[in-house]
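Residue numbers (our numbering), protein chains in the order written: chain A, 3 to 292; chain B, 3 to 292; chain C, 3 to 292; chain D, 3 to 292.
Honestly, I wouldn't trust all of these hints.
Which copy is meant is left open, because identical chains are indistinguishable; a pair holds if it fits in one copy or across any two.
[Unchecked claim] In silico DSSO-like pairs for lysine-lysine, Cα to Cα no more than 30 Å straight-line:
hint, residue 1, residue 2
1, K131, K240
2, K51, K227
3, K44, K217
4, K156, K145
5, K145, K227
6, K217, K131
7, K156, K240
Quick caveat, the hints were computed from the structure, so don't treat them as lab data.
Bear in mind the structure is a predicted one, so any value in this text is a computation, not a measurement.
Residue-level listing of the chains:
There are 4 protein chains.
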Amino acid sequence: MEIGFIGLGHMGKAIAANLIRAGHSVRVWNRSPEAMSELVAKGARAAAKPTEVVSADLLMTMLAHDQAVRDVMFDRGVLAAAQPGLIHLNLATVSVAFAAELATAHQERGVSYIAAPVFGRPEVAAEGKLNIVVAGDAAAIAKAQPALAAIGQKTWPVGERPERANAVKVAGNFMLASAIEAMGEAVALTRAHGVAAAQFLDILTNTLFAAPAYKGYGAMIAAEKYQPAGFPMPLALKDIRLALSAAEAHNVPMPFASVLRDNLLEAIATGGGDQDWSGLAQLAARRAGL
Amino acid sequence: MEIGFIGLGHMGKAIAANLIRAGHSVRVWNRSPEAMSELVAKGARAAAKPTEVVSADLLMTMLAHDQAVRDVMFDRGVLAAAQPGLIHLNLATVSVAFAAELATAHQERGVSYIAAPVFGRPEVAAEGKLNIVVAGDAAAIAKAQPALAAIGQKTWPVGERPERANAVKVAGNFMLASAIEAMGEAVALTRAHGVAAAQFLDILTNTLFAAPAYKGYGAMIAAEKYQPAGFPMPLALKDIRLALSAAEAHNVPMPFASVLRDNLLEAIATGGGDQDWSGLAQLAARRAGL
Amino acid sequence: MEIGFIGLGHMGKAIAANLIRAGHSVRVWNRSPEAMSELVAKGARAAAKPTEVVSADLLMTMLAHDQAVRDVMFDRGVLAAAQPGLIHLNLATVSVAFAAELATAHQERGVSYIAAPVFGRPEVAAEGKLNIVVAGDAAAIAKAQPALAAIGQKTWPVGERPERANAVKVAGNFMLASAIEAMGEAVALTRAHGVAAAQFLDILTNTLFAAPAYKGYGAMIAAEKYQPAGFPMPLALKDIRLALSAAEAHNVPMPFASVLRDNLLEAIATGGGDQDWSGLAQLAARRAGL
Amino acid sequence: MEIGFIGLGHMGKAIAANLIRAGHSVRVWNRSPEAMSELVAKGARAAAKPTEVVSADLLMTMLAHDQAVRDVMFDRGVLAAAQPGLIHLNLATVSVAFAAELATAHQERGVSYIAAPVFGRPEVAAEGKLNIVVAGDAAAIAKAQPALAAIGQKTWPVGERPERANAVKVAGNFMLASAIEAMGEAVALTRAHGVAAAQFLDILTNTLFAAPAYKGYGAMIAAEKYQPAGFPMPLALKDIRLALSAAEAHNVPMPFASVLRDNLLEAIATGGGDQDWSGLAQLAARRAGL
């Protein structure tokens with residue numbers, strides 16, 4: 003397919019490279035040009051302006067937050083430059099409110115908007131093993147399937163309204179943060195009784211919690227190694243905030259999410275802003291004087 | 003081995019049956035005699051009094067809480083009747099404070115005390131697939147190994163001090179309760195946005211959270227089926243209380259455990275006392291008016 | 003003074019009436035005209051458009067939330083119509099972010115912006131007994147003093163940056179909500195032990211907590227009378243949300259505020275949206291099955 | 003009256019002195035004899051053994067916790083030495099479970115048991131201005147009135163069942179802790195926006211929160227002076243634990259109390275064990291990096 007791609011951070015670079023590898027024709031744009039050069043070396047074409055990439059079958063964007071999407075799509079004129087019939091696949095985690103706003107704006111322009119947030123860290127993206135939650139027009143999703151297949155191990159459709167995919171994504175990240183916090187508190191408790199973190203987590207993550215999320219973060223907690231930050235505290239706070247505001251829109255109380263928000267704020271306020279979010283376990287230990 | 007076994011609830015019956023199946027000579031006692039008859043039918047001998055079962059190589063007990071253990075071991079004279087050299091394997095989840103008290107009392111009597119709390123529901127026990135966390139004298143644990151092998155898939159030693167095994171157990175149960183609560187809140191959030199619980203949990207429990215704990219409880223939450231109660235709310239509250247008091251003994255704050263305690267109290271106070279603890283998800287939904 | 007006044011809700015009406023009573027010349031505007039008629043009957047002049055009221059020494063606004071202020075000041079052109087030298091006294095509780103934005107916009111226009119949020123319910127406003135927290139240019143505050151004196155018992159200056167006054171106001175409302183929640187939980191505890199709410203609150207609000215906030219809300223809790231809603235749940239949620247976002251701007255964790263947010267969401271989701279925020283006590287009792 | 007008095011800590015000394023000053027005949031006993039000497043200098047007689055003080059009209063005890071009361075009344079034989087008809091006024095804050103146990107034990111002995119926990123710090127006790135919550139037999143309370151009048155400004159009866167008075171007391175202390183925490187969080191929020199703690203608290207504690215509790219603790223928070231500890235963190239933790247267990251006995255969730263418990267544990271674990279409980283405000287500030 004002809005694919006335009008905007009947003010070449012850690013995730014975007016890995017995803018775009020997989021599209022090229024799968025034989026798609028990819029035109030890229032990124033705010034800082036260095037990342038573009040890397041992709042050009044792998045076979046992409048570079049665009050001089052973001053509006054250039056829309057002459058394609060499919061536009062894919064992987065941007066950091068609502069504001070970055072707003073900047074590219076609205077302020078820099080990408081949506082206005084798009085032709086009716088284009089499909090826009092937004093891979094980023096945006097707020098459910100903004101997802102709804104984007105859906106309306108695209109509809110007015112005759113562009114299909116597919117929310118397609120992904121589960122997986124950069125190394126998972128590099129292997130083409132992302133799990134992709136998609137919501138939007140079924141026919142458009144079907145057309146985008148070759149691109150989705152190139153970057154993920156599975157596509158999980160959740161209906162037509164794009165914000166549903168975003169709700170699933172932020173709820174999933176909330177569950178990850180909860181798993182980290184629960185491990186952190188449990189490790190503080192057992193360490194206080196003389197059991198090493200590695201020993202405790204070895205038992206739990208090989209039995210009841212033998213899942214990727216627990217094994218990966220459990221290893222970081224056991225090693226007390228919170229850097230480099232695969233998913234830094236401020237991004238984690240952003241996602242918990244998105245979960246809380248998506249919940250608030252429908253009056254859903256989330257006491258665990260509230261605890262996580264407070265803990266992430268404290269971690270950031272007390273010097274942990276460049277740690278991975280698994281550093282929540284360090285906070286749990288510090289609170290116990292460990 | 004010659005094994006005395008006290009406590010034939012759902013878990014105890016399944017465990018004792020596996021001991022018989024493995025060829026051990028088992029003498030049982032239980033407060034209500036019906037359960038003894040079942041085991042006798044499978045090859046056990048019934049004791050008229052609990053003190054009779056101690057003339058064995060190994061005493062195993064599976065009782066519901068501290069008070070029941072205290073009643074049998076102290077008030078009914080089982081420990082006083084024991085000969086020096088006996089090994090007592092306590093399979094139940096008791097408080098860390100009581101675990102330490104038991105250890106001392108056994109030592110004074112010359113009986114080896116092994117804390118051996120297990121992870122696994124009755125059906126797992128029936129399959130002989132429990133995970134057993136053990137703490138106590140290493141030589142005694144080695145002697146008990148034939149019995150442990152008959153009832154569990156793996157034994158996880160965590161040192162000599164018995165209360166360590168109990169700390170691991172209550173911390174593990176705390177992690178289970180946290181996983182349930184996190185699923186419950188996440189499902190409330192996504193349901194409010196129109197995503198069915200089954201759909202959301204299908205995604206999460208087959209990707210990041212593809213672990214036994216999430217799959218099992220996730221299925222109950224998706225089906226909104228909280229009865230029969232594999233692990234009823236009041237027992238869950240007991241275990242969270244044990245986690246909190248074990249933590250308090252070393253000044254370990256556990257904000258997630260505090261939320262769980264409040265939620266379990268509310269669930270019980272508002273009619274959910276005979277539900278499985280996965281009913282915490284129902285509470286999360288009800289709070290959101292769902 | 004010549005005073006323009008926009009926003010004639012329960013609070014605004016009472017405040018404007020006191021300005022008239024003190025001899026000021028007051029021109030009013032309100033979105034729905036009925037409220038204007040009431041004030042005209044007391045001696046005010048009605049404006050046909052909000053922009054008309056700015057030809058005055060002082061503009062006072064009492065609007066419900068950020069969006070209402072934005073609508074009047076920006077969308078309806080009130081700020082654009084203002085002459086340099088005008089003083090704008092904003093009595094409403096707005097977000098600290100918006101307070102800063104307003105300050106800048108007014109400065110560019112040469113208009114003095116004074117944040118002047120008030121503590122006090124409508125009946126307190128009617129008695130001219132409000133406590134007014136002010137922040138802004140000291141000279142402008144001095145000029146506005148005759149108006150402030152007419153509506154409040156005391157003016158509390160907190161510096162030049164307007165958002166400080168808003169931070170104080172939302173922090174104060176957070177403390178009120180905390181007092182309500184604490185009474186609610188304490189009453190649930192003592193009722194469960196057989197002590198009537200009125201008896202318990204009689205002791206506490208006449209001894210350690212002999213303060214207006216406790217006496218007022220305590221009386222509502224003792225009577226279980228949460229309607230009419232002097233300060234309805236949704237407004238309370240708005241204010242707690244403002245406190246949380248003001249805190250988040252500086253990475254300040256507020257665990258009590260998080261609990262309050264969850265509880266207010268639940269109260270609203272389960273049918274309490276038209277109750278006074280003291281209805282939090284009803285939620286505390288319901289959770290205990292009382 | 004003839005009064006026996008056991009327990010001469012800060013509170014007990016001040017109370018016993020007021021009894022002497024009011025003309026009562028007081029015989030004292032205390033574990034460490036120094037405190038007895040002080041009281042003898044003021045007119046008391048010293049007992050050689052605690053059992054000596056029971057030959058009186060009234061026995062008053064002011065001991066630190068359940069264990070201390072158990073030690074004196076049961077282990078040291080004070081209750082066994084008492085004559086039927088004696089009235090025992092227990093001024094301490096004990097658990098509701100122990101209050102019920104004490105009531106039964108006294109009844110079997112023919113001794114009237116009155117729970118009479120007090121609100122007020124040592125300086126308030128010294129002025130004879132305590133507020134005393136009493137529960138027990140009405141006739142016995144009437145007989146004890148001369149003593150109660152000598153030590154408190156008011157007696158608040160809450161019925162016959164002694165544990166009710168204890169429930170009121172621990173609920174009141176929970177409200178105090180909540181007020182401190184709320185001030186601490188509010189001060190962290192406003193300090194982060196540039197408002198000094200003293201300035202913020204000056205406004206709030208002279209308007210909505212013009213109550214003794216807020217003024218007293220507010221002054222300590224404004225001065226950041228948490229020592230000497232009028233009420234040290236570990237005692238505060240004990241009282242919150244008593245509130246939580248009294249609540250748990252009737253399935254009453256108390257989310258604020260849970261937050262307080264976690265915060266007190268953290269304060270103690272991180273070096274604040276010898277601070278006054280108003281040091282919770284320091285923890286709130288530290289969490290925000292202030």
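Structure-based check of all given hints:
For the identical chains of this complex, K131 and K240 are intra-copy neighbours only, at 24 Å inside a copy versus 41 Å across copies, given an alpha-carbon limit of 30 Å. In this assembly of identical chains, the alpha carbons of K51 and K227 never lie at most 30 Å apart, being 40 Å within a copy and 55 Å across copies at closest. In this homomeric assembly, K44 and K217 never come within 30 Å of each other (Cα to Cα): the closest approach is 33 Å inside a single copy and 40 Å across copies. In this assembly of identical chains, K156 and K145 lie within 30 Å of each other by CA distance solely inside one copy; the values are 15 Å within and 49 Å between copies.
In this assembly of identical chains, K145 and K227 lie within 30 Å of each other by CA distance neither inside one copy nor across copies; the values are 42 Å within and 39 Å between. In this assembly of identical chains, K217 and K131 lie within 30 Å of each other by CA distance both inside one copy and across copies; the values are 17 Å within and 21 Å between. With identical chains, the CA atoms of K156 and K240 are at most 30 Å apart within one copy only, with a shortest distance of 26 Å there and 40 Å across copies.
Violated hints, listed in ascending order, are 2, 3, 5; each of the other numbered hints is respected by the structure.
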